[in-house]
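J.: Residue-level listing of the chains:
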Amino acid sequence: MAKKATAKKKAPASKAKNRAGLNDDIGEENRLRMWQLQLEVRHVEQRLHDLFFQNLIKGTSHLALGQEAISAGFGAAMRPDDYTFCTYRGHAHTLVRGTSMTGMIGELMGKECGMLKGKGGSMHLTDVSKGAMGSYAIIGAHLPIAAGAAWQAQYNNTGQIAACFFGDGTTNIGAFHEALNFAVIWNLPVVYVCENNLYMEYTPISEVTAVEHPAADRAGAYGLPSIIVDGNDADAVFRVATEAFDKARSGGGPSLIEAKTYRHSGHSRADPGTYRPEGELEEWLKKDPIPMYRQRLLDFGVKEDVVSGIEDAVLQAVDEATEEAKASPTPPMEYAYTDVWADGGSSWRN
Amino acid sequence: MDVIMPQMGETVAEGTLTVWHKKVGDTVSSSDVLFEIGTDKVEMEVPALADGVLTEILVAEGDTVAVGTKLAVIQGEGEAAQPAAPKPEASQPAAISTAPLKERPTRDRSMKLSPVVRKLLAENNLAHTDIVGTGRDGRIKRGDVLAYLKAPNAAPTAPFPAEAPGAVSGEGITVVPFSYRRKMTAEHMVRSKSTSPHVLQAVEVDFSAVNKARAKIGPDWKAREGYSLTYLPFIAKAVCSAIKEFPHINAHIEKDHLVVFDRVNLAMAIDLNFEGLVAPVIRDADLKAVTEIARATNDLAKRARADELTPDEFANATYTITNNGSFGTLITAPIINQPQVAILSTDGITKRPLVVEQDGEDMIAIRPVGILAQSFDHRAIDGSYSGAFMRRVKEIIEGKNWVESVS
Amino acid sequence: MAELTYREAVIEAIAQEMRRDERVVFLGEDIAKAGGVFKATVGLWEEFGDLRVRDTPISEQAILGAAMGAAMTGLRPIAEIMFSDFLAVCWDIVTNQIAKSRYMTGGQVEVPLVIRTANGGGARFGAQHSQAVENWAMMIPGIKVVAPSTPADVKGLLAAAIRDPDPVLFFEQKSLYATKGEVPDGEHVDELGKAKVVREGDDVTILALGLMVPRAIEAAERLQAEAGISASVVDIRSLVPLDTQTILAEVKKTARVVTVEENPRLCGWGAEIASIIAEECFYDLDMPVVRITTPHIPLSSADELEDEMIPSVDRIFESVRREVD
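First to last, the sequence lines map onto chains A, B and C. Each residue of the first sequence is one higher than the one before, counting from 1 in my numbering. Each residue of the second sequence is one higher than the one before, counting from 1001 in my numbering. Each residue of the third sequence is one higher than the one before, counting from 2001 in my numbering.
Hints are all accurate, no fakes.
Straight-line Cα separation of at most 20 Å, EDC-like style, residue types lysine to aspartate or glutamate; simulated pairs:
hint, chain 1, residue 1, chain 2, residue 2
1, C, Lys2033, C, Asp2050
2, C, Lys2252, B, Asp1144
3, B, Lys1112, C, Asp2284
4, B, Lys1244, B, Asp1382
5, C, Lys2252, B, Glu1123
6, B, Lys1022, B, Asp1256
7, B, Lys1119, C, Asp2284
8, C, Lys2253, B, Glu1123
9, A, Lys58, A, Glu112
10, C, Lys2039, C, Glu2012
11, B, Lys1255, B, Glu1123
12, B, Lys1112, C, Asp2325
13, B, Lys1119, C, Glu2279
14, B, Lys1244, B, Glu1398
15, C, Lys2194, A, Asp343
16, B, Lys1119, C, Glu2280
17, B, Lys1112, C, Glu2323
18, B, Lys1119, C, Asp2202
19, B, Lys1112, B, Glu1123
20, B, Lys1351, B, Glu1204
21, B, Lys1022, B, Glu1056
22, B, Lys1022, B, Asp1032
23, C, Lys2252, C, Asp2284
24, B, Lys1023, B, Glu1077
25, C, Lys2039, C, Asp2055
26, C, Lys2252, C, Glu2280
27, A, Lys130, C, Glu2110
28, B, Lys1022, B, Glu1045
29, B, Lys1150, C, Asp2202
30, B, Lys1216, B, Asp1206
31, C, Lys2196, C, Glu2272
32, B, Lys1150, C, Asp2284
33, C, Lys2253, B, Asp1144
34, B, Lys1302, B, Asp1271
Across the chosen pairs, the derived CB separations fall in these ranges:
hint, chain 1, residue 1, chain 2, residue 2, range
35, A, Gly344, C, Pro2295, 34 to 44 Å
36, A, Gly174, C, Lys2039, 23 to 33 Å
37, C, Val2037, A, Asn23, 53 to 63 Å
38, B, Val1260, A, Gly344, 57 to 67 Å
39, A, Pro277, C, Pro2295, 51 to 61 Å
40, A, Asn157, C, Arg2019, 17 to 27 Å
Treat the hints as calculated values from the structure; they're not laboratory data. Just so you know, these numbers come straight off a predicted model, no measurement behind them. Yeah, the Cβ is synthetic: ideal placement off N, Cα and C, and Gly gets one too.
Using the sequences and the hints given, assemble the complete structure.
T.: Below, the structure written as C-alpha cells:
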C-alpha cells in the first residue's frame, strides 16, 4: 500500500501544477501527435487483423488493441535517437517511432517491401534507423539488452535513453530481475515499462504472481520507486514517461513503470479470449483510450474537423500502405541466404 | 551331397545364381569355388564344400531362388548316384535345408577395398588380386597400391620406368627419344598385356584357291588399280565370313560382360615405314566384297602414311588383322587391340611341300602355304571356340571358289 | 617473440585491442578488481579503469544481454562467462538473440561482440565446471566459434575475434591457461576460420581442437617413434567458419582421418567433419573416419575417472596405431 501511495503522491502534484487546459505541460502539439499515434496503432492493428482473416497474413500476431495509449504516450515523449525495445506484441511500439506502415504491413504479409525483408515477421519488427531496436519474442530477453544499449549511451555520454516495454508475465522470469538489478547497480539510463493487461497469456497474472502489482510491487526490491500509471490515458503516460526519461538523461538511473491496461483481443490470433469473466471486456471497452482521448481533445476546444481530419488522414495512410504492401512482390529467394554474417552471406565454411 | 542356396544375411530370403564355375562332370574339391551368388546386398563366391564329382546342376545362371533351394548335386567317392531331382521354379520358396554349411562363407577382409583403393585400381586397370595387402587380415591399403605402381615392371599404365637412367648421346650411344605415337603405342601394348590373358593359336593354310583368283585377275588389277592384289583381302573376307558363325570373336570386353557386334569393323594394322603403327578401320567389312576390301585397305594405308586419316577412321573397331607377311615372317604373336577380344596375324606365304590327299592317296605337292595366328583374350572365350573359328577360317580360305568372288 | 602463458596471452590480446579501439569494453564476473578467477584478466582494470572494465553481478543473462545491447548500438564488448557450463543459463541470449538478430532483422542489427569462456576438463571440477561445449555453439547459425590451443593463437585469434563484425564465442581451455609458448611481440592479429597444420605427416591425419591439440601432437611423436606411423596433426582452431579446404586437403593427402574431440560423443564437432569428409572425399579414403571423443557420460571429478574419460595421449596413440594398419 505504501508503494501505491508513492504513485498517488506524484500524480496530484503534477495535476495541481500543470493541468490548466490544452496548453498545459503537455501542450496541443504533443496531444495531437499522441492522438495521431494512437489512431495509427489502432487502425494498423485492425487492418492486420482483417488481413489475417483474408489469409493474406500467416503465422501469428499479437495485437494490443486497447493498449495504444501506452506506446503513444511514451513514443511522444522520446527523442528521435532514443532506443525502443519491445516484445512480440510490438506493432505499436515500433510504429510510434515513425517507421513505415508499408514496411510493417508488408513484413507481416511476407512481401519484399517488408521492413525485415520477410525474414522476421510480426514478432521481430525492427527499424534501427528509427531507434526501434527490435521486438523480442522470448520473454524477458530484451530487458538486459535494453540495459546494454543504455550502457552505450552512458559510456559515450550521448544523453540517449532506452525504453523497454514488456507485459505483466515478464515480471516472473529471471531476466527481469537480473536486468533490473544490473541497471540499478550500473545506474543505466533505461526505463522499463510493464504493460499490465491483467493476463500473462490466458492465465490471469494475479493467479501466478506473489504480489498484487507484478512490476510496481517489485520495484522496491531494486531500490526503485513504485510507479503505477493509467495505461489507457495517454496524457498520464506521457507525464510519467517524461519524468522517467528526464531522470535517466540526467544521470538519475533507471525507472520501472507499471501501466494498467487491458487488451481487447485475445493473447494472439489464435485466442478468442473466452477465459475472461463475463462483462470484463465490456467494462474496459468503456475505458477505450481512443474515444476517451477524442472526447478530451474536443473538451479542450480542439475543433471537430481537426480531430476527424487526423483520423481521416491516418485511415487513408493505412489504406495506401495496405495497397502498397499488397502490390509488393514476394521476397526474392536469395533473401533466404543473406544476412547471417556481416559480409551479407550465410557461409559457414570455405 | 546337395548344394543349396546359402543364407547370406539375417534378412536375405533369396539369391541370384550368377556364375557356375564348374560344369556337370567336373571333379571338384571342397575348397574350389563352385558358383557365385548375388543378392541386393552382397556378391559372394561359394566353395563346393565337398569333394567329388558335380553330377547335376539344377539352377541355371541368372535364376533367382529362395534360400535353401537345391542348386546342384556333388557325388562323393563311393556315393551312389541319385536320381535327378526336378528343377525347382525360380523364386519358389523351398524348404530350408537343415544341413548346416560346413563353413559359413564370408568374404575375407582382404576383399574389403577402401574407396581410394578401388579408385586407384580402376584408374590403373589393376585387379585387387594383383596387389598384396599388408593391412590387417591382408587388407589392401592405399600404400600397397601406390607401392605396386611405383615398383619397376609392375605398373601397367606406366610403360617406362619412372626414373630412367640419364643416358645421353655420344660415346657410341644414340639416345632416341620416343615420339608421342611411340609412347601411346607403348602404353596401349603394356595395358593390353596386363589386362588380357593372351592365348596364341595358329593354323597352317593352303592358299592355292586364293592364288587361282589372284592369277586370273591379278595382272589386270595391277594395271588398272596401280597396286598388287595381295592375299590380305581374301583373308579378311574369310575372317568376316567365319565371324558370322563365331560372333563372340567380334566383340569388346566391358567390365564383367562381353559386347558382341553384328557388323564387323575391321581394323588393319598398318606400318608407317618403321615410324610407328596405326590401325584404321574398314567399316562394315562383312558387307564388302574382296575387291572392295582390297581397295579400302590400300586407301587406308596410303592415307595413313600421308598422315591424312581422321580420328573417326580409328573408332569402333571390332577385330584387327596385322599383316607381317610381306617380310616373310613365319609366325607372329600379336597383342590384342583393346578392348577387342582377338587379333589375327598373317605371315609369310611361301611355296612349301605339303602332303595332300588325291584320289585316296597321300602325296607331296608344292603349295602356297602360310600360317595364320590369332591371339585371343581368355577372359572372353576359350581355346575351343577360338580353335573352331580358326578352323573355319582355314576351311573358307582353302575351299571357297574365290575366282567367282572376284569375277 | 616472447614466451607467454596462455592466460597472459588473453590479457595481451584484450589490452592490445582496448588500447587500439575506445569502443572495446569488457564485462564479467570478478574480471576487474579480482583479475578473473583464472587470473586471465589481471591488470586490465588497473590500465583501463572502471568505465571500460566492469565487474558484474552473477547474472549471466544480464552480462550477455548488456553486451548485446551495447554491441548493437556501437560498442565492441567482450563478455566473460566464467565457465562455459554457465552458457546454459544464458543460452537464450546466445542462440535466440545474439546469433539470430542480424538475420531476423534483414541485416539491420549488428552484434559485434566476443563471449570469452573457460571451457573443458582436466581440472577435477566435476560435471558442471568441466564440460567441453564447443559443439553446442557450433550448431547455431549466426555465431562464430573459435578455440585456440596455444598462447600465440590466443593472442592472434582473440584480437581477430574482437575486430570481427560478427559475434564470436571464444573458448579458452582452462587446463591450458598455465601452458607456455612463443607469442609474437607487438600487434598480432590472426585470421578467423583458418585451420593450421601443426605437424606434417603422410599416413594419417589427426584433427584436434583446444586441449586435444597438444595431446594429438604428443601422440603423433610417439606414433612416429614407436610404430613408424607418420601422422599429420591439424589444429582446427575455428569450428565456425570451418576451414574445410585445409581439412580436406590433408585428408586427401593421407587418406586416413582421426578426430580427437573433448566434447561428448553425440553430435561432437568431429561428427560434422566426418560427414563432410564422407560426402566430399569418400573416394580418397583408405579407412573409415575414426572419432576419439569423451564418452557420452557426464564428467567425473576424481583424477583417475576424469582422465579415463577425456581422450589422453595414450588413447590417441593406441587408437591410431590400431586403426592405421
